[in-house]
Amino acid sequence: MKRKNYIGLILNAHMPYVRHPEYPRFLEEDWLFEAISETYLPLLRMFRRLRGDGVKFRVTISLSPTLCTMLSDPILQGRFTNYLRLHQKLGEKELVRCAAEAPESLSLARMYLDEITQNLEDYFEIYQCNILEGFKDLEDSGHLDLITTAATHAYLPLFSQYPTAIEAQIELAIQTHINHFKRRPKGFWLPECGYFPGLEEYLQKEEIAYFQLAAQSLALAQEPAKYGNYAPISCPNGVHAFARDFNLTSLVWSNQEGYPADPNYREFYRDIGYDLPLDYIGPYIHEPEVRVFTGFKYHAITGKGDQKNIYRPELAARKVLEHTENFLYEVEKKGRKLAPLIDRDPFYTLAFDTELFGHWWFEGIAWLESLLRKADQGESVVFETPTDYLRRYPDNQELQPALSSWGEGGYSDVWASGSNVWIYRHLHKAIERMEELSVRFPNQSSLKQRFLNQAAREVLLAMSSDWPFIIHNGTFVTYAESRIKDHLGNFNVVYENMCKNAVNTEWLVKAEKRNIVFPDIDYNIFNPDSDRIRYNG
Amino acid sequence: MITVNIDALSISELRYIAKKEGIDDVKLMDREDLVETLKELYEEQMSTFGGEGASYSPSTQPRFMNTIVEHELLNSVGPLPGVEPLPDFYPETRIYLLLKDPYWAHAYWSICPTDLQRLEHKEVPFEFFLRVSILKENSQLVEVDSFDIDVSREDTSWNINLPERGCSYLVSLFYRDEKGNNGLLSQSEKVFTPRCYWMDHLDKLQKDRACFTLLTSSLVTKGGVMVENPLLKEVADKLDTWMDN
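Listed in order, the protein sequences are those of chains A and B.
Using the numbering used here, read the first sequence as starting at 1 and increasing by one per residue.
Using the numbering used here, read the second sequence as starting at 538 and increasing by one per residue.
No lab work stands behind these hints: they were computed from the structure.
The structure presented is a predicted model; accordingly, all values stated were derived computationally and were not measured.
Note that CB positions come from ideal geometry on N, CA and C, so glycine has one too.
Among the hints, a few may not be true.
As the list claims (entries may be wrong) - Which stretches of chain A does chain B cover? Using the computed rule of at least three CB atoms under 8 angstroms from a CB of chain B, they are: (1) 179-191; (2) 334-346.
As the list claims (entries may be wrong) - Ranges between beta-carbon positions, derived for each pair: (3) K556(B) / G303(A): 47 to 55 angstroms; (4) E207(A) / K741(B): 46 to 54 angstroms; (5) E22(A) / N696(B): 34 to 42 angstroms; (6) E496(A) / P650(B): 39 to 47 angstroms; (7) N696(B) / E207(A): 36 to 44 angstroms.
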């Protein structure tokens, strides 16, 4: 029988919790709005198109708890609508400008305007402003497998000495997932592929069947992996782990060799938000005169230098087909190479951030669509989920993966570098104090309960991997630093008040208004001795 | 800081960024000058890693970025009333060890003011040092070696280079007075540094082609760049030397 090549495409959809209704517009909220309009809505459209055409595919998507909370937040839903309408107005204005001054860009302006209009229509008519329903619908029809990740996407290896905090991150994630999707997730996305030996114990407690790993995790283990990265391993406690295929993912996710760097693809960084005069673009950027990306980008990558060709979608579409063929060719070539070496069909784990597709790589969604269609037309490449593969091959080699992450260097350096390592002194202390509060004041009700719940929210929000990541990469450092300091400072207010057995009600109301993530949180999750609250899907 | 390919930006983008960075006479500069000036400015802020595989890591790809250049907080969110700035340290004597990778750990510590006063009351000059203990499994975990690092009273953290893989480390904070008396102030939890199977079984990789292919074919890009990892690099380097010999 001819061998099959199974591809496990796992997409991690995540955004840090950013919500500032106290301001008419908030720059960092646009991270979410750009992701919805450029990635999530087009991705859902693509999956629905495939389903409508009867294409068989199975894809795994991790929807982070903070993202789920934001996508279902009425205030952010309203603000996203404003965002789309503002961009729709810009699109209409662009049609007029391009017709008069830049006819070479006119069809592109129309393309963007059509996309925005379609987004508005989908957002209201199909999803009634909650796109989580779109993902759930695709899971119900058997096309997606939805999984979760740590509650605030905490990088877990740096909290390995704080079991309660890890349990809280995982348990709250499962609870949030069940609240939104009415199912217990089978898989768990390890934030940043951050793994330390023993982490699987926490996952097993929550009935997680599998998680993904960085590419080097199995190669660095203390025993050889019989199938390399081409099959999952079973951790000593029976939870399975799938290691990324660096070779195949780098065809896509690399600014050196990856497909997205093709000169015919759209250039991300050339945007009318920067190219057009302020008196024209002013109403569509941020006040006061802060230029931002608008999404209206008229140039192709072309090459190094500022002389960029006008983007031509038909040339890009041709490249999408070429890159689809090339990817399938590479997979099949690899399958042939592996055939004499392993006695089962290989599984290639392709793990990406979802926002790569559509947002960063404009043609990425078209490429995915083309790939899923072509794979379905053939027989040798099959997209399926880790759950499917584990059903097919339930017995796997027992192996303890090695400490690892997908960050630079392969360990924790990105999240504990010279610029951000200071945060752990405060984070570790806040976790210890939160445990202390949970033990000293268990099962409180009314105001004290709300006060302690807020403290738990603040600790969890401070644990997010995104803040040290941003500080390390030097992009929005001021914002990230202020977020960490504010969450930990807020926690300290609760701690100090509770030590005096007091509740500052006025402050609590303000804090709840500002950070209302996980509305159903129970601070007792930080109590190492309390019975765990169980959520049945 | 800018995290994109400077060469790809238009002159208006470059002028905008340069202005935000406080560069004078932006309007008088041509594109080449702007690129050169910005590159110089950002040179020190660029990646501190630099391994060939580093640029393939997802952590080097941009995320959460809707402007080309960072702005000061546009909307000053500000802390809630009653929120105090974070303290420099907490009033306790304690040391914590954080494993960054198999070669480096980060220790941070604090000394409770009362402990400090107690030492000062002895009226014998003293200093602090860290003792890094190397522990190995021999039916139980035992200290096989240690080394000391002198730290000043102002220091509160230290990056520690770990000499060996496949063993555990813990770090202790000591004081040492002029009379030669040492006193333990605090000890960290243990951290374990991994060592991989292939470090000690290179012969298998060399002899067994199938094994070599299975191990490497998912860890190397089409262009031949290996996933960035110092342990794997050590294995690869040893293998190269082995094969050369």
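Hints, one by one, checked against the model:
no.	hint	verdict
1	179-191	violated (count 0)
2	334-346	holds (count 6)
3	K556(B) / G303(A): 47 to 55 angstroms	26 angstroms, violated
4	E207(A) / K741(B): 46 to 54 angstroms	37 angstroms, violated
5	E22(A) / N696(B): 34 to 42 angstroms	40 angstroms, holds
6	E496(A) / P650(B): 39 to 47 angstroms	18 angstroms, violated
7	N696(B) / E207(A): 36 to 44 angstroms	39 angstroms, holds
Hint compliance for this structure: hints 1, 3, 4 and 6 are not met, and every other hint is.
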